[in-house]
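Peer 1: Sequence:
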Amino acid sequence: MLLFTIMEDAFWSALVSVGFAILFQAPRKTLFGCAVAGGFGHAVRRLLLFTGMAIETATFIGGLIIGFWALYFSRRYKTPSTIFSISGCIPMIPGLFAYGAIQSLINLTHSTPDTGSLILYESVVGLIRTGLILMALTLGILIPRLVFQREKPVV
Numbered sequence: 023m024l025l026f027t028i029m030e031d032a033f034w035s036a037l038v039s040v041g042f043a044i045l046f047q048a049p050r051k052t053l054f055g056c057a058v059a060g061g062f063g064h065a066v067r068r069l070l071l072f073t074g075m076a077i078e079t080a081t082f083i084g085g086l087i088i089g090f091w092a093l094y095f096s097r098r099y100k101t102p103s104t105i106f107s108i109s110g111c112i113p114m115i116p117g118l119f120a121y122g123a124i125q126s127l128i129n130l131t132h133s134t135p136d137t138g139s140l141i142l143y144e145s146v147v148g149l150i151r152t153g154l155i156l157m158a159l160t161l162g163i164l165i166p167r168l169v170f171q172r173e174k175p176v177v
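First residue of the sequence shown? That's 23 in the working numbering, and the numbers climb one at a time after it.
In short, the hints are calculated from the structure, not lab data.
One or more of the hints may lead you astray.
[Stated by the list, open to error] Within a straight-line C-alpha distance of at most 27 Å, the following computed DSS-like cross-link-like pairs (lysine-lysine) qualify: (1) LYS51 <-> LYS174; (2) LYS100 <-> LYS174; (3) LYS51 <-> LYS100.
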């Protein structure tokens, strides 16, 4: 059951990655790499979430996977790694946390003084979690590029 869930998650994430790659007008030859990066990254995050890891840490590790795949495919297809990393990370954007935080802020306008502090607390926690997930995703994608991408010296 777990394997099927992970494979299904990888399939839908790969499909979303390809869709956004097409939307961003990525070259046709790079679509497979975009699908692999997005599918593997999100599947690894889902697997780590099943093991009980925090979503921030799981997103960081999933971002690392996307970053490494992006480097591999950028060398293979001789294209910028940004094509693969951006389209691969789209399925991992924390839209649900951001939506919940904004919804709590909207509910704050209609709250009573008794419940206002609790709603404010929920919205701040949601915004902080959204920011931490986005930072983890960014660092996960960036670290392989900073460590392993070699720039040719300018002569």
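Peer 1: Hint by hint, say whether it matches the structure.
Peer 2: Structure-based check of each hint:
Distance hint between LYS51 and LYS174 is fulfilled; the C-alpha atoms sit about 25 Å from each other, no more than 27 Å. Restraint check for LYS100 and LYS174: satisfied, since their Cα atoms lie roughly 14 Å apart, inside the 27 Å limit. With a CA separation close to 11 Å, the supplied pair LYS51 and LYS100 stays within the 27 Å bound.
This entry satisfies every hint, going by the numbered hints stated previously.
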